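**Q** So the chains spell out like this:
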Amino acid sequence: MTVEVSELRVHYRTLRGSVQALDGASLEVGDGEVMGVVGESGCGKSTLGKSLIRMDGRMRHVGGSVRLGGEELPIADDRAMQRFRYHEVSLIPQYAMSAMNPTRRIGRMIRELLESRGVRYAEVRRELERRLELVGLGADVLKRFPIELSGGMKQRVVLVLSTLRDPSLLIADEATSALDVANQRAVAEALVQFRDRGFIGSMLFITHDLALVAQLADTVTVMYAGRSAESAPTSELLRRPRHPYTRMLLSAVPEVGTTIDESRQEGIPGSPPALLDPPSGCRFKDRCPLAFEQCATRPPFIEVASGHRVACWKAE
Amino acid sequence: MSLDTAAASGEGQGPSGRRGRDDLRFALRNPKLLAGGTVLAVLLLTGLVGPAFTGGAPNAYVGPQYAPPSGDHWFGTTSFGQDVFTQFVHGLRATFTVGALGGGIAWVLGMAVGFLGGYRGGLLDEFLNMLTNIVLVLPAMVVLIIAAAYLEARGLLVQSLFIGLTTWPWAARAIRAQTFTLAGREFVDLARLSGRRPWRIILREVAPNMYSYLVMSFILLFGGAVLIAAGLDFIGLGPTEGVSLGLMMHHSVAWGALHLGTWWWFVPPGVGITAVVGSLYIANVGLDEVFNPRLREL
Amino acid sequence: MLTLDRVSKVYRVGTFGTQPLNAVRDVSLTVPPGVVVSLIGESGSGKSTIGRMVLRLTPVTSGAIAFDGRDVAGLSGHRARKGYYRHVQGVFQDPFSSFNPIFPVDRVFDMLRGAYFPGLSDTEWRASVRRGTERVGLDPGQVLGRYPHQLSGGQLQRLLIARALTLDIRLLVADEIISMLDASTRIDVLNLLGDLRAEGLGILFVTHDLALGTYVSDTTVILRRGAVAEMGPTRQVYASPRHPYTRGLLASVPRMHRTWADADAELDSAAGPCPVHSGPGTAGPVEVGPDHFVGCFSDDACPE
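Chains as they are written, first to last, in UniProt numbering: chain A, 1 to 316; chain B, 1 to 298; chain C, 1 to 304.
Calculated directly from the structure, the hints in this document are not laboratory data.
Computed from a predicted model, the values in this text were never measured in an experiment.
Glycine included, each C-beta is placed from N, C-alpha and C at the ideal position.
A few of these clues could be false.
Said to hold, decoys possible - Partial chain A-side listing against chain C, Cβ under 7 Å, derived:
| id | residue |
| --- | --- |
| 1 | L212 |
| 2 | A214 |
| 3 | G257 |
| 4 | I260 |
All chains, please: the whole structure from these sequences, using the hints.
**A** Pasting the structure below:
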């Protein structure tokens, strides 16, 4: 199902005031698409992921909307969201299994989790085992304890578990970031395979790693300081980035095999604005080499080419 | 204003600056800490300056026997005609001495063992850990009773030493655990790379991160020492010379104050001990709230 | 300058330390002046342990680490160790944990002053701290006197490099110093390392990230389970990896302009037999090209 997030604003309540962690995030994910959401720490990408499934007590929905297949998600209403969680919108967090009881066998843990979601274990058991085999794990993994599994195996179990009800939207928040490269690849490829088989509708793959997004995402949204900066099909974004931030970010990431002697790359001077009291207008303007007077007003996030949206006055 | 100048002049030495100022601000606003501290200060002052004003030895026979409290004898007299108030202020002084000495010895031992074991690790740590566990499982009170019974002349010093030598283990264990965690932090590695000696690293890098904890463990050890001393005194194993709150209780009970209804003989020392220990614990809870930001009532 | 000769580290784990854990196995390498050697490996590969052994923060179990021909493990006494740290310094992974949270950041400099510059006057000392700070591209007025939580990770890491530069250092052990930094500031720290290399500093660069490892390094050492899998000039190792493990890593590492499938196709040719067991029968890694060493394929891939 398609996912449309428009002008979503979610703030955090703190003692010193409200932190505008998400302040106008927009994105559109087509049915069956994997969208990579990238950005640096504090850009709001994790807040976005959390907002779509469960807001914690400090988060406050200030504005904007989320539509899933045309239906509005009641993200601010914890109880109304209950119906969507797991069945329609599901999540793979970074360290899911590490947070679980190490003295329980995995099968029993899964049974309890499923039953707490109103799913009868016996009914889904065959499908569960089939999908575990698809990701390269035998059914005997259910009889083992979490400690006996490697990080990559755990994330694959979590992947199977969280997509067992064929959710319309899967949110993978840094789901592979703690893994070594071989396991990262295995989990990422399993995610794409599940999408291809129709186990997952659309997916938001939240990560800080642009190169990883290049491997598995159909489209990418780059976020900066709580807002969407640029959104485009992956190859388009990597080859023809239009937002100055995206351009600078891409040129700050060395590719495997390039060396400083061949091509010296440069970082982005300055640091992101504090979101407790962010400056008005474009939030990147203080670090932007192209900034001019108009940047004092916020640039709209508009389409500049087919499927390519940018929030920058200088982008054509 | 005074806080600002204090922080500015203290810059760079110890955990001063903003953080220290914050702590002080919270400390001054914490009712538990203020109440406990005030009671403690009054008692301490009484113990310190009281003996100078009452004059005379605490065990001297100065008045009539069994006299209830009056203008001449504020807390009355004992069955031998000793002035209870004089005994009380001297007893308070003894109580604070035992607390400071016994608690202090235990505190220093606990820190030495905890810091050394936690920082050094390895065999030394295993040995110290073993020692700690042995002392921890020794029934301290029983050992104290046996040891006290064998010593002919017992003074405050000996009593404090005994208490100090037997009550340090829990402090050592807790300090060791915290040191162990802190010693693995990278700023400690960096201090090693800066050519610092281990004892300086412990004192200047590790310890400042647990000041709050160290202060609180001293308070608990102090209170514990006061209680143990009172217990020993009460069962007649206290100092053979002098006076203490516990000894007063011991004598009052031994000479039938309970039967005779001379309440003024045993109530003051009982209230004194309770007040010292109680206010220490209340102050401790207050300190916990000050140091622990999560408990700060905003 | 720095030489590791068959260095091993065994940790004792389990009850009563009965089980040996071979964290580092027979690692030999050298770091000459003005050269960056990248130690690349996944978690548990022993890469950080090697860094810590070089910095004398962890004792060596067997083998020798020598700096200018002098045995590092044998430096006894406070003076000898202080002399070593004058030339060999480290920067660690977590910038926030590298600073004592309750003191202003200047403290990392002041710690050095007591031990190394007791004769310097306050003015001279402050000037030298400011110079060091400027040398790593920071504005002294913006960073000095602040608390660690008030600065960014990138600023803190650069301050730590500035701290090391206050001394007369010749070797820097950089242990995952950029893995906690954001992409936009990472490259600046790497460039700084590159500049220092040009000034003659030898750098042991420990990382798990293949892309960042290649960017600054002259020599690449790929570690696997504590042993050297492959080692050689960076260009050589990346262009023609010989060890199946290195090949697997290079095939799995995500790249921006090449898909995983293409990477597999590129590496399709067989890795060849294990050079250790098909070669002259020496124990350690075998030289398969100029300065290019390959270790035993071990377990799965070695027929022996």
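**Q** It remains to establish, for every hint, whether it holds in the given structure.
**A** Here's how the hints hold up against the structure:
1. The beta carbon of L212 of chain A comes within 4 Å of a beta carbon in chain C, closer than 7 Å, and the hint placing it at the interface holds.
2. The interface hint given for A214 of chain A holds, since its Cβ lies 5 Å from the closest Cβ of chain C, which is under the 7 Å cut-off.
3. Among the interface hints, the one on G257 of chain A holds; its C-beta lies about 5 Å from the nearest C-beta in chain C, closer than the 7 Å criterion.
4. Checking I260 of chain A against chain C by beta carbon gives a least distance of about 4 Å; that is within 7 Å, so the hint holds.
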